[in-house]
Amino acid sequence: MQFNHLLLGALSLLSLPVLTQAQSPVSGFMNGKGEGAIALSYTAEKYDNVFLAPTDAQGVPVFNEVNVNSVSLYATYGITKRFNAIVSLPYIQTHGHATDVVLKELGFENERKGVQDLSLFVKYNPYECKVGTSDLSFIIGAGLKTPIGAYKVEEGLQSILAIGNRATSINGLAIAQLRTKSGVFLATQAGYSLRNGEVPNAVIGEIKAGYGSSRFYVDAWYAGQISDGGVNILGEGFQGIFPATDVSYTRAGVTLYVPIAGGFGISGGVSKYLTGRNVGESTGVSGALVYKF
Amino acid sequence: MLFNSKILFLPLVLAALCSTTSCKKDDVDALPTIAAIAVTNADFSTLEDAAVQGGVAVVLSNPNPGDPSGDYTVFAPNNAAFARLGLNKGDDLAVLNDAFLTNTLLYHVSNGNLAGSGITSGSTSGSALGPVRRFITRGTEQYINGSKILATDVKAENGTVHVIDKVLLATGADIVQSAIALKDAKVFVVPELSFLVEAVLYAELAGALSAAAGSPSFTVFAPSDAAFKQLGVDLGVALNIPADIRKLPKEIVTAVLLNHVIADGGKFTSELNGGTVAPLGGTNLTLGAFNNGTLTVKGNGNTVVANMVIPDVLTTNGVVHVIDRVLLP
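Line by line, the protein sequences are chains S and V.
Note that this note's numbering numbers the first sequence so that position 68 is 68, with each residue one more than the last.
Note that this note's numbering numbers the second sequence so that position 58 is 58, with each residue one more than the last.
Hints may contain errors.
[Unchecked claim] Anything over 10 Å on all C-beta distances counts as not near chain V; from chain S, calculated: (1) GLY36; (2) ASN67; (3) PHE121; (4) ALA142; (5) ASN196; (6) VAL258; (7) GLY268; (8) GLY287.
[To be verified] With the C-beta cut set under 10 Å, the calculated list includes, among others, these residues of chain S facing chain V: (9) THR55; (10) GLY59; (11) THR99.
[Stated by the list, open to error] Residues of chain S clear of chain V, computed beta-carbon distances all greater than 10 Å: (12) GLU35; (13) THR133; (14) GLY263.
Since the hints were made in silico from the structure, they are not lab data.
Being a predicted model, the structure only gives us computed values, none of them experimental.
By construction, the Cβ of each residue, glycine as well, lies at the ideal position given by its N, Cα and C atoms.
Same shape as in the complex, but just chain S (with noise of 0.2 Å):
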């Protein structure tokens, strides 16, 4: 019983901070009511080749490799311990590498940097379950994404640093979460975001392994992003708008999360794109000091 109440308390912490953009915001752990936690991360993720259809291009188009850094302020907050606030919001500063003459030619400029979209989600669990010893868990996630930086996203092929895509989404998902008593969890959500614009509606999933206990946490994550539509870079109907570009991949990446003393932890993460249409083959590592309370 003991054991069980530590292993929730180190669970609970780790409804935590999302560390690349790739990943749901929503994860399978509720927070107490009251109870939350803050983080801070940067990731950096870089890329020297891309995700086209039907053939990969190796070397970036003008800029041929961009270097992706942001910083993202993410918190969770229980408002009861059934119902869940999630707010994130990164600054992104992408950057290429095309040389000062190309770039004079095109007029182009090979960093694109700012505030992008904030994230707001509420998660409910309305059931669970006992599986034999293990917790079943069921949790239904609402959420919008809204750009409140003012970059761009039709600058041509100077877009291809744009550091998002403008579109306001409304976002939908559903998870399941197996928890061990031994602090093994295997947690799988799919979900949809319709966005406005241009910007393609999207079917996503996530699969999740990971084990946590009062002394640390790790997973291992698959997820996907299916575009429901959608033209393909350089492909018909393609009009150098990037935003209206179907954008289509399988990432995966690893967390690992140590709590420090006082409520304060570190994270530290690795992720990688696997396949991908109309988005960078990109490999990204990422920390953040998280703050739990």
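Put chain V on the given structure of chain S with help from the hints.
This is chain V only, laid out in the frame that chain S set:
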């Protein structure tokens, strides 16, 4: 218990499905567009850069609105083709005037699908720029103008691509106006052929080399500015600026210029062979053997052969080959 297990696995299956199908879609039978072929093929990286800088990348991503088939045919120069002009990477394209670059790309494009099997010696094909291209068979090889066709019938979603070993060049103007365009930095961003233009004006040959109804077409070996400066060094006469040409006797300049013009209708390198050719004035010129799309040329008074710096430039009244030496009678 059973019920709970099923509920657990439903989203699992759904998520797995989402994850594993995301990149399948309809790619199996899909072809890349012409623009995508250029971007995804490493041997077309300079063409990719040129298409981006010339503003045709998006055009060649889409169906051709100007043809019922919706297709284009593109003769695509590979990287080695651009390298012949000293264009080894995207940065090097900055030496070209933007409008000239775009026009040059359009000269490689035509409406509809021209299959490799439809390319026959002696036939011509119009271009999106306007000037036609000539097909020439030399031995077992096929050429478009002076460019060897290396591969045919690369299928694209919006047309057909044939690979060539030399960039196709057409000015859309006559010999004199083409040279003036070079002098005025409308081709390269720095002037070229400035000395030649000055010499033609000085020798009053502009009329003879301009296109007019019924006028003949020529093959012209056009010495670069560096060639004239080298001539100055060889003769011990300072030829530092184009006007210095006027230090030389007019009749000599006239004779030297006529030594560069052959009234043969205008021939591409693919149509030239080693041996002698008779220019309009002066003495026979000696052409070296045809070698990888170029030939050397030597005047009777030269000790060193001239090399073609920019071969096979189509004008409205002939073909110009820019060379690195002045051909002396």
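Reported absence of S:ASN67 from the contact zone with chain V (all CB gaps over 10 Å):
Correct as stated: the minimum Cβ-Cβ distance to chain V is 19 Å, above 10 Å.
Does the no-contact call for S:GLU35 survive, Cβ to all of chain V over 10 Å?
Non-interface label stands for S:GLU35: nearest chain V Cβ at 26 Å, farther than 10 Å.
For S:VAL258, is the shortest CB-to-CB distance to chain V above 10 Å, so the non-interface label stands?
Answer for S:VAL258: holds, closest chain V Cβ roughly 28 Å.
Holds or violated: the hint that S:THR99 contacts chain V, with Cβ atoms closer than 10 Å.
Because about 5 Å separates S:THR99 from the closest Cβ in chain V, which is inside the 10 Å limit, the hint holds.
Minimum Cβ distance from S:GLY287 to chain V greater than 10 Å, as the annotation requires:
About 26 Å separates S:GLY287 from the closest Cβ of chain V, which puts it past 10 Å; holds.
Over 10 Å to the closest beta carbon of chain V is the bar; see if S:GLY36 clears it.
holds (26 Å)
With a cut-off of 10 Å on the beta carbons, see whether S:GLY59 makes it to chain V.
Where the cut-off is 10 Å and the nearest Cβ of chain V is about 7 Å from S:GLY59, the hint holds.
Non-interface claim for S:ALA142, where every Cβ of chain V lies beyond 10 Å:
Holds: least Cβ distance 16 Å, greater than 10 Å.
Is it correct that the beta-carbon of S:GLY268 has no partner in chain V closer than or equal to 10 Å?
holds (24 Å)
Does S:THR55 pass the interface check with chain V, least Cβ-Cβ distance below 10 Å?
holds (4 Å)
10 Å Cβ clearance of S:ASN196 from chain V
holds (22 Å)
Taking the minimum C-beta separation from S:PHE121 to chain V, is that value above 10 Å?
S:PHE121 clear of chain V: closest Cβ-Cβ about 18 Å, beyond 10 Å.
Going down the numbered hints, you'll see the structure goes against none, and every one checks out.
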